[in-house]
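**Student:** Start from chain A and add chains B and C with the ligands according to the hints.
Chains as they are written, first to last, in the UniProt record's numbering: chain A, 1 to 811; chain B, 1 to 229; chain C, 1 to 325.
Some hints here could point you the wrong way.
Here are the simulated lysine-lysine pairs, BS3-like style, with alpha carbons at most 30 Å apart [said to hold, decoys possible]:
#, chain 1, residue 1, chain 2, residue 2
1, A, LYS587, C, LYS174
2, A, LYS153, A, LYS101
3, C, LYS226, A, LYS172
4, A, LYS724, C, LYS255
5, C, LYS174, A, LYS774
6, C, LYS174, A, LYS42
7, A, LYS655, A, LYS118
8, A, LYS84, C, LYS226
9, A, LYS724, A, LYS774
10, A, LYS177, C, LYS255
11, A, LYS42, C, LYS226
12, A, LYS177, C, LYS199
13, A, LYS502, A, LYS172
14, A, LYS42, A, LYS580
15, A, LYS755, A, LYS774
16, A, LYS276, A, LYS502
Under 8 Å between C-beta atoms, here's a sample of chain A residues computed to sit facing chain C [as the list claims (entries may be wrong)]:
#, residue
17, ALA22
18, CYS27
19, ALA37
20, PRO706
The following label-pair restraints were derived from C-beta to C-beta distances [claimed, not checked]:
#, chain 1, residue 1, chain 2, residue 2, range
21, A, LYS177, C, ALA265, 29 to 39 Å
22, C, HIS81, A, THR398, 51 to 61 Å
23, B, GLN152, C, ILE295, 30 to 40 Å
24, A, GLY429, B, SER54, 47 to 57 Å
Hints are computed from structural coordinates only; laboratory data are not their basis. Since this is a predicted model, take the numbers as computed values, not measurements. Note that beta-carbon positions come from the ideal geometry of N, C-alpha and C, so glycine has one too.
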Amino acid sequence: MTNPWTDIKNTDLVIVMGGNAAEAHPCGFKWVTEAKAHRGAKLIVVDPRFTRTASVADYYAPIRPGSDIVFLMAAINWMIQNDKVQWEYVRNYTNAALIVKDEFGWQDGLFSGYDPEKRDYDKSSWDYVIGDDGFAAIDMTLENPRCVWNLLKDHVSRYTPELVEQVCGTPKDRFLKIVQMIGECSATDKAMTSMYALGWTQHSKGAQNIRGMAMLQLILGNIGVRGGGMNALRGHSNIQGLTDIGLMSNLIPGYLNIPTEKEADWTTYMSSRQFKPLRPGQTSYWQNYPKFMVSFMKSMWGSAATAENDWAYDWLPKLDVPAYDVLRMFELMNAGQITNYFCQGFNPILAFPNRGKVTAALSKLKLLVTMDPLETETAHFWENHGEYNDVDTASIQTEVIELPTTSFAEDDGSLVNSGRWLQWHWAAGTPPGQAQRDTWIMAQIFQRVRKLYQDEGGVLPEPILNLTWDYADPLDPTAEELAKEMNGRALADVYDLTDKTKLVAAQGKQLANFGQYRDDGSTMGGCWIFAGCWTEDGNIMARRDNSDPDDTGTYLNWSFSWPMNRRILYNRASADLEGKAWDPARKLIEWNGEKWEGYDVPDISPTAKPGDVGPFIMNQEGMSRLFTRGLMRDGPFPTHMEPFESPIPNVFNEKMVGNPVARVFVSDAEQFGTSDEFPFVATSYRLTEHFHYWTKHNRINAALQPEFFVEISPELAAEKGIAKGGTVRVWSKRGSITAKALVSRRLRPLQCGDKLVHVIGIPLHWGFMGAARKGFGPNSLTPFVGDANIETPEYKAFLVNIEPATTEAVS
Amino acid sequence: MMARRIYSQSGDHIETTAPVTVSRYRGFTRANHWVTAASLIVLLLSGMALFHPSLYFLTALFGGGQVTRWLHPFVGILLFLSFLILFLQLWRLNLPRPEDATWVSHIGDVVRGEEEKLPELGKYNAGQKFIFWGMSALIVVLIGSGVMIWEQYFPQLVSIPVRRVAVLVHSLAAVAIILIFILHVYAAIWTRGTLRAMTRGTVTGGWAWRHHRKWLRELAGREKRDPAE
Amino acid sequence: MTTDPNVDSPRTAVSNPPIQPMKANLGAGDVMRASAMPDLAPPERELTPVAKLIDVSKCIGCKACQSACAEWNDTVPEIEHNVGMYENPHDLTPDMFTLMRFTEYDNPDTGEFEWLIRKDGCMHCADPGCLKACPAPGAIVQYTNGIVDFIHDNCIGCGYCVTGCPFNIPRVSKADHKSYKCTLCSDRVAVGQGPACAKACPTQAIVFGTKEDMLTHAEARVEDLKSRGYDNAGIYDPEGVGGTHVFYVLHHADKPALYSNLPEAPRISPVVEGWKGATKTVGLAAIGLAAVGSILHGLLGRANQVSAAEEHEAEELVERSERDA
Ligand SMILES: Nc1nc2c(c(=O)[nH]1)N[C@H]1C(S)=C(S)[C@@H](COP(=O)(O)OP(=O)(O)OC[C@H]3O[C@@H](n4cnc5c(=O)[nH]c(N)nc54)[C@H](O)[C@@H]3O)O[C@H]1N2
Ligand SMILES: Nc1nc2c(c(=O)[nH]1)N[C@H]1C(S)=C(S)[C@@H](COP(=O)(O)OP(=O)(O)OC[C@H]3O[C@@H](n4cnc5c(=O)[nH]c(N)nc54)[C@H](O)[C@@H]3O)O[C@H]1N2
Ligand code: HEM
Ligand code: HEM
Ligand code: SF4
Ligand code: SF4
Ligand code: SF4
Ligand code: SF4
Ligand code: SF4
Ligand SMILES: [Mo]
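With the rest of the complex left out, here is chain A (with noise of 0.2 Å):
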């Protein structure tokens, strides 16, 4: 999230379009309520069944799953059109007048510079036209017909309230009715707040659904504002600090890169993350990198990572593909190449798509290690539960060994919300049996681990044996020593930058922030977005003070929020040109004449003058972009994709199936099916009763959902002579599975051009473990491929067929 839970309070508008926040985020929804009840905020919500968040919205909209962009283009059009544009914000804050180079083009539905062999783009013609002083080419008129303004302008064209409702099958009325709603704020004393989850991150072109937003709210003026932002709600109560302390496979904590193969030095490496700035003045913050990077090896390896060895460069692991995400891990599982999975706090063969696949690849392991407070049906795969998990228990060599962990409600320790507030929380109970926390069990895995290779040595040793590892029971490292390992601290006197005789921590201090890491070694810190979190005034993270000058929502001293303890991000961009609050009712940051200061951290130079650096700071040009250059995979505008399992083909191009550059397994795209086989549209998501595969195991969350179904409109059951509660079979290419049949007027058939496009609801809860009743989720049927850029799974939007069962399922 851009902005915190609680600025939502501020809004005027709030969209749910692709999440269900009231759902999924019913503590966080409190704040649309509060934006309801006290500014008499008005809700919008998009979604292809009429939801829990739509029955307290003022205005609903059906949507086909995976047509979102088309709607948000339409959308940029209509304000286009309409004169629904913030200027001044646009003008001064978005890469509109940049010059774009002229080889870049767009054309049935494919952008310049694809190459259909290697599914992939050149994508050297999205770029800026870079001129001689070495800054991108401008003009403020907006006038030059390739400036990214008119290009959006003609990109976005083509995108019509016909077309919405031709492929969307959102009634033209309703969208019409939802982009004045939305036009209204791109007045500069009104903000709408984007929510979004889900929905837009599970498909294949997810990443481009969420751009498509991120630039409209730019337009508008909404980013940096109070009430208004892109707020991606996190799932897990920690998803967020997931991706924070890098559990990617490419990264390193604080969004650094893990190297690749192509990068096999220090100074390759730097070269290309040290961004130039591309605007006269600009201040780019990546020109820290090395300050962040130099401290992360100092706090892995201490004083093994040195200046000549180029901070231990090479322990680090160099990537031979863009990421091991978890599909290319199944895939590699599958074909055998994998041999040993620790599974800690996952429950793949339930949450992963293409069960089938799945358990064919757990079941070639040699051996699967669980961490969970709970039996899994993971853990449990190899067990034969009739129809609910079929296999040939005799035929599974894999050895399971299940480790009981504490649950998050046992330990200490922080968790970052989808605001980005650290809050620690302390253990609520204590752990029953043999559970023990996470860190336990895998401090005592290392400290085994690493003796094997002091007695034994094995293949490049030092990154472990010499890995920093100074807790006071090296067994039981505790969350407190965790937590202070991340902020970082000073390994030596630090002093200030411009003034050399101005010490700024002391030898063993922790650090303030992040403006106090250092590239010379004399810092350490796991992961610099985290620094501040526990300074030397303590737990920063445990402060539960809920003042809040002028109601602005930012309750600064409310537990650490990163960067800087900064709330809203991009702020700087809630003023105007001459650092006045757009709207001073809406005042965040204000430039004092000497400095920025108001009710949040500035984000910006706090001594930066108005017009000297962009408000984007985190980019080259100092502008957020509408035109993203290179950075996305498949464009740098959003263009309609359809789902790779799609009822029509893509309007643009009828042969294009899918996103033309996700990365498909070849044994996966064999596993695609059609609309003639499998004429209806199904999507996946969660209940509010419940939590994904564990709360099952809850009785009274199993009382208040104690059975999979899945959700059909009247029509569709009459169509097939299904009944309310009755059994039915769905089936996709890849697996079929029995559910109870829930029949609502809250689905409804969409019309699609001359296509009448039926959606079939399938929520994810149920397995063959728990307290509830046996089921199955839709994952025995959903694709598996992922988006293009981050590889997460199109969960969202494939093709079944559904029939009514003729055998009433056990229970």
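**Tutor:** Coordinates of chains B and C with the ligands only, in the frame set by chain A:
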């Protein structure tokens, strides 16, 4: 013995002649009657305990409210069954006859105990028949309404509005049957010599002569016209 | 809102409840009515009436209130089947004191589809039909703050409360044969905490405080709804039962039946009134009169005796017939 009885039950017979005693109820019938009577008394006490707060103390007789609550309907069933047996035996002789009308029209004499002016009667007089039919009808009403309000086993049997009517009907029927019961018991006591019909099974000849002369005559064979005997 | 136990009634409101432990401050002395106890001593003090307001228009049907209720009351609702609807359990049960009920509604006036979600449960009527119907002394009590509570020790499980309630709320347990329903968390209120469901409700669709405050709050909510085009938005605090201490804000207050058959004009059924009123007095009187009358008549009046002459007549009759035979 007799080919066709009109005023008496098979089994009714003159037991001794000097003095005359007439057998009115077999042992089984008497036992059954007392089961019925005991059930009704239990029902009355347990029902009345729930009927009015001032009588709630009666639950103590049964070991508290919970026991009273579950016991009552079961005893109701017992009552119904035992009364059913009684009913099957007795209904024929309780069918109205022309002389009943005369009897009713002389109800004043009945109350004053001046039976000389009354017509000769079979085994039962109109008052008894009224009690018989009244009890029969009310027991049906009570069991019907009682089951509808039987929370423990039939909570969903009828809708709540119906249930409200049922409980009202049950209460009213209960009051009615209690009144009839009082009448019945009082009549049995007031009409001296009656009780022994239900205790020993016999009545004296004089009692039979006075109250149910036709019945006596039939048993004595006076009406018997069959030459073969 | 005060939470000082000495100042006023135990109550909390939308604001945070006290975090200091408080002595239970709601007891026998606060009972103003008790079932089958017509001569109850008057309460020792008058508490400020409290109320739980359920703003249906804010409710997202998340069932957090249901789960909080089960957690707090330590009940274990049954794990049923899915029968093609969102209501689970399918009805109120002795182990589920509150239930979200879902209704799909095509609004003919606006042409919009609506999904109306109502939290069902005891309304804590000022004139409680359950209490009126209950035959067991003290099994149902009403406190001066308006809470209607079942005292299970006194309950005999007859189910009359079910019959008496205009909202179809109480449920008698098959396990212990006692009747259960929402207590308005009287045990929490007694120590200055609001109901568990209100505490859990993420959207503050459930709020708790003095009835007065809640009415003010509700009126503001109705204004907001009217501004959003719900012209018939209103408060559901039915007169017929003297008002309730759990009440609703509805978008369609003119059509409460839309919300899973919320009664249009609830009141204690006249049948129940008749059953508990005239029937009892008249019935008891009739029985009493009959009993006393017959005893008196028995004592004072002349019994219906059989005379010796009649015995003789009988003997003659029998002899004659024997002779004839
Ligand atoms: N109760 C509960 N809450 C949870 C979780 C849980 O399991 N249970 N899980 C947590 C986790 S890990 C996550 S990631 C979040 C997810 O939070 P959400 O993304 O909000 O949850 P979902 O239910 O997966 O999907 C949201 C909605 O997307 C809609 N949708 C499907 N396809 C499309 C589409 O193409 N376009 C649009 N516009 N909408 C579409 C679905 O109908 C659904 O209503 O929830 C978190 N919160
Ligand atoms: N079709 C379809 N599939 C989906 C989705 C969808 O929308 N549609 N959503 C996807 C999304 S967004 C997500 S996040 C995944 C969720 O998939 P998972 O993450 O596999 O789901 P959970 O059930 O949350 O699994 C987490 C496990 O962590 C355990 N756990 C809890 N606390 C701890 C702890 O402290 N330590 C350890 N070691 N374990 C702990 C729990 O017991 C549980 O078994 O599902 C994905 N799958
Ligand atoms: C014939 C079968 C009967 C059945 C099944 C039956 C059942 C019931 C039931 C279920 C109740 C509710 C209380 C409880 O559950 O215990 C009840 C109440 C009552 N019953 Fe019966 N009953 C029967 C017969 C009778 C009879 C014969 C009488 C009269 C003597 C009677 C008098 C009452 C009374 C007075 C109440 C209380 C009603 C009130 O509170 O208004 N019942 N009965
Ligand atoms: C303490 C209570 C009772 C007493 C003292 C009592 C006494 C008697 C007596 C003495 C008779 C014989 C009368 C006769 O032969 O003319 C009789 C008959 C009878 N009693 Fe009872 N009774 C009692 C309770 C009941 C109850 C509760 C019922 C039914 C619910 C009942 C039903 C009958 C019936 C059906 C007869 C046969 C006569 C007839 O059909 O009218 N009695 N009872
Ligand atoms: S995780 Fe818990 S606190 Fe967060 S929204 Fe869900 S229910 Fe509420
Ligand atoms: S709603 Fe029913 S149970 Fe609750 S107080 Fe009113 S009558 Fe009693
Ligand atoms: S079941 Fe209990 S609370 Fe209900 S009426 Fe009977 S005694 Fe009273
Ligand atoms: S007030 Fe208490 S008992 Fe009543 S529904 Fe809420 S949590 Fe349950
Ligand atoms: S907790 Fe609140 S929002 Fe959730 S279902 Fe209950 S009343 Fe509705
Ligand atoms: Mo997630």
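**Student:** Where does the structure disagree with the numbered hints, that is, which hint numbers, in rising order?
**Tutor:** Hints 1, 6, 12, 13, 15 and 22 are the ones this structure does not satisfy, whereas the remaining hints hold.
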